[in-house]
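Asks: One line per chain: the protein sequences are A and B, in this order. Residues in the first sequence are numbered from 1 upward in steps of one, following my numbering. Residues in the second sequence are numbered from 1 upward in steps of one, following my numbering.
Honestly, the hints are just simulated from the structure, not real lab data. It cannot be assumed that every hint is accurate.
[To be verified] Label-pair ranges, simulated between beta-carbon atoms:
| hint | chain 1 | residue 1 | chain 2 | residue 2 | range |
| --- | --- | --- | --- | --- | --- |
| 1 | B | T99 | A | D328 | 45 to 53 Å |
| 2 | A | P295 | B | G136 | 42 to 50 Å |
| 3 | B | A85 | A | P295 | 23 to 31 Å |
| 4 | A | D240 | B | D88 | 53 to 61 Å |
| 5 | B | A160 | A | L378 | 25 to 33 Å |
| 6 | A | P295 | B | V153 | 46 to 54 Å |
| 7 | A | R120 | B | V153 | 55 to 63 Å |
| 8 | A | R201 | B | T99 | 40 to 48 Å |
[Said to hold, decoys possible] Some but not every residue of chain A turned toward chain B, in silico, with C-beta under 8 Å:
| hint | residue |
| --- | --- |
| 9 | P232 |
| 10 | N249 |
| 11 | M253 |
| 12 | G274 |
| 13 | N282 |
| 14 | T285 |
| 15 | E386 |
Beta carbons: idealized from backbone N, C-alpha and C, even for Gly.
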Amino acid sequence: MTAMHRLRLLLVAALVAVGAASAPARAELTIDITRGNMKPMPIAIPDFAGASPQEIQAGQDIAGVISADLERSGLFQPIDKRAFIQTGASLQAGVRFADWKQINADALVQGRVEMTPDGRMRVEFRLWDVYAEQQMTGEAYTAAPQGWRRISHLVADAIYKRMTGEEGYFDTQIVYIAEDGPKANRRKRLAIMDQDGENHRFLTNGADLVLTPRFSPTAREITYMSYYRGTPRVYIFQIDTGRRELLGNFPGMTFAPRFSPDGNKVIFSMAVDGVSNIYEMNLMTRQKRRLTDSPYIDTSPCYSPDGSKVVFNSDRGGTQQLYVMNADGSGVQRISFGDGRYATPVWSPRGDLIAFTKMKGGQFYIGVMHPDGSGERLLASGWLVEGPTWAPNGRVLAFWKETPSNSRGRGGTSKLYSIDLTGTNEREMVTPVDGSDPAWSPLLP
Amino acid sequence: MRRLLPVTLFAALAIAGCSSSGEDTGTAAGSGRSSMMPQSSIATAPVGRSQVDALTSAQNELATSVGDRVYFETDSTSLSPQARATLDRQIAWLNRNPTVRLIIEGHTDERGTREYNLALGDRRANMVKNYMTDHGIAAGRLRTISYGKERPVAVGSNEAAWAQNRRAVSVVDK
Numbered sequence: 001m002t003a004m005h006r007l008r009l010l011l012v013a014a015l016v017a018v019g020a021a022s023a024p025a026r027a028e029l030t031i032d033i034t035r036g037n038m039k040p041m042p043i044a045i046p047d048f049a050g051a052s053p054q055e056i057q058a059g060q061d062i063a064g065v066i067s068a069d070l071e072r073s074g075l076f077q078p079i080d081k082r083a084f085i086q087t088g089a090s091l092q093a094g095v096r097f098a099d100w101k102q103i104n105a106d107a108l109v110q111g112r113v114e115m116t117p118d119g120r121m122r123v124e125f126r127l128w129d130v131y132a133e134q135q136m137t138g139e140a141y142t143a144a145p146q147g148w149r150r151i152s153h154l155v156a157d158a159i160y161k162r163m164t165g166e167e168g169y170f171d172t173q174i175v176y177i178a179e180d181g182p183k184a185n186r187r188k189r190l191a192i193m194d195q196d197g198e199n200h201r202f203l204t205n206g207a208d209l210v211l212t213p214r215f216s217p218t219a220r221e222i223t224y225m226s227y228y229r230g231t232p233r234v235y236i237f238q239i240d241t242g243r244r245e246l247l248g249n250f251p252g253m254t255f256a257p258r259f260s261p262d263g264n265k266v267i268f269s270m271a272v273d274g275v276s277n278i279y280e281m282n283l284m285t286r287q288k289r290r291l292t293d294s295p296y297i298d299t300s301p302c303y304s305p306d307g308s309k310v311v312f313n314s315d316r317g318g319t320q321q322l323y324v325m326n327a328d329g330s331g332v333q334r335i336s337f338g339d340g341r342y343a344t345p346v347w348s349p350r351g352d353l354i355a356f357t358k359m360k361g362g363q364f365y366i367g368v369m370h371p372d373g374s375g376e377r378l379l380a381s382g383w384l385v386e387g388p389t390w391a392p393n394g395r396v397l398a399f400w401k402e403t404p405s406n407s408r409g410r411g412g413t414s415k416l417y418s419i420d421l422t423g424t425n426e427r428e429m430v431t432p433v434d435g436s437d438p439a440w441s442p443l444l445p
Numbered sequence: 001m002r003r004l005l006p007v008t009l010f011a012a013l014a015i016a017g018c019s020s021s022g023e024d025t026g027t028a029a030g031s032g033r034s035s036m037m038p039q040s041s042i043a044t045a046p047v048g049r050s051q052v053d054a055l056t057s058a059q060n061e062l063a064t065s066v067g068d069r070v071y072f073e074t075d076s077t078s079l080s081p082q083a084r085a086t087l088d089r090q091i092a093w094l095n096r097n098p099t100v101r102l103i104i105e106g107h108t109d110e111r112g113t114r115e116y117n118l119a120l121g122d123r124r125a126n127m128v129k130n131y132m133t134d135h136g137i138a139a140g141r142l143r144t145i146s147y148g149k150e151r152p153v154a155v156g157s158n159e160a161a162w163a164q165n166r167r168a169v170s171v172v173d174k
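Could you build the full structure based on these sequences and the hints that come with them?
Replies: Put into structure tokens, the structure is as follows:
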């Protein structure tokens, strides 16, 4: 069996096992593989070759980023470089497959870095199936030298896609709320970083309380909530210019914003006289439209990826539950019926699942269910876990996790985590200070 | 700036004006420290500053002798008999101080999701506001803001702290 087939089978089987067998082509696969069988694929990623010291350094750095990306996915196990038999220049002369078979590498990534006469960096790679002795894919990228990290992520995405049949998610960013200071008066700042934690920077200075940032579909804008001038409202932040714009003049607190999939609208809640309803604002016409009209709390709205539906959180039935309605506000249907309270629904970019926060018996959970409410599955739990956000391929989620504090307010932490859709491979996403409210970007344009 | 404050606040103003920090408990009239300060130091203060002091003092009076906050049960916005009694005192105090305006802050404990808690805090603040307007306070004197779970007053992760954090606090609008 080739490396690609093996990994594909693992992924497909895992999806079947988790009940996501909505695609008919996959439905006939009934191999019952449980989580424990998801063994990461051994892959060899030697340093990319180069001639000049600059190229050699870039070749090491690029291989390192690709290796870290693939390892973090939980689907690949990069082999320790010290085990390699064939190295360096000889690899460029030709792959000796026997040498890679001997160290049990299913796949091999071979790459090269070259500075072009106009000062740009050209990076090419080939992905080899070691057992079939065949090239599976190959690609070359040319960019300014400082673009080497994005090139690395693009290579990792290409490898991930070829091996799994799914889109990658490494060339992406995370926007979140960086938190520090005492619990009773936390300083909260908008912050952005690459999905691997690199290129971290703060977007606001902490003077105003800010919450719940979410990317636009182009990943160049963020909608979020700020207490600027003591007035909690939804804003749109332009990442490239640092400009901030009020979503609109509204009489009450506006909160819980998200962009529509086409980027032309923002859906949010507005609280007036103690009642929170869901509205949408058309960014082209500046027209606002009210979508729900209940005397209850309707919040955390999120569009389906085709924009035709909205999932939201309401206590209209007595406790917090999830509801789906048409994008014009008609046809409201409750979808969550399990024990406990449900909140923060987020539609998968693939459309097949809705992720949520669940509260039950003093514990918090991150889970997923189908849009009709069936197939509920809990992925992560903790004293407080909240706010799932999907990687653009719909296979990985991020959320945040808090730990309790003692009576002096100490010991409580708030950290970002990612987890696979199968509920495995939970990992901290390391940030300079505490973090909450993560939002995963689409693939970068 | 706001209009002049009524007479009852000037008594408090005298004390706050003498306090270096302005955070003295406002209604502790006749406390040793205050009575030692010469009354004249107030008269020389700029008008704007005095009004700020007076408002601080009004806040102190609200907090210490009237009661500036009411508490809620988990995930509830109902006003308990105790909460109503506190609000009745706030209403009487507002009637004695007709130029004072309030910001009512709604808060929740940390055991909920952020966005829902923003809405819950808003609803708690509005329960207080509605109670006051039902009892004759002009709506124009009352403003609400929700902080959800963002601004706990008690920091421990335990029932006692959560009970203190599920609150609506009346703050003098400066």
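Asks: Give a verdict on every hint.
Replies: Hint by hint, here is what the structure shows:
no.: 1; hint: B:T99 x A:D328: 45 to 53 Å; verdict: holds (47 Å)
no.: 2; hint: A:P295 x B:G136: 42 to 50 Å; verdict: violated (24 Å)
no.: 3; hint: B:A85 x A:P295: 23 to 31 Å; verdict: holds (27 Å)
no.: 4; hint: A:D240 x B:D88: 53 to 61 Å; verdict: holds (55 Å)
no.: 5; hint: B:A160 x A:L378: 25 to 33 Å; verdict: holds (30 Å)
no.: 6; hint: A:P295 x B:V153: 46 to 54 Å; verdict: violated (29 Å)
no.: 7; hint: A:R120 x B:V153: 55 to 63 Å; verdict: holds (57 Å)
no.: 8; hint: A:R201 x B:T99: 40 to 48 Å; verdict: holds (47 Å)
no.: 9; hint: P232; verdict: holds (7 Å)
no.: 10; hint: N249; verdict: violated (17 Å)
no.: 11; hint: M253; verdict: holds (6 Å)
no.: 12; hint: G274; verdict: holds (3 Å)
no.: 13; hint: N282; verdict: violated (22 Å)
no.: 14; hint: T285; verdict: violated (26 Å)
no.: 15; hint: E386; verdict: holds (6 Å)
Violated hints for the displayed structure, listed by number in ascending order: 2, 6, 10, 13 and 14.
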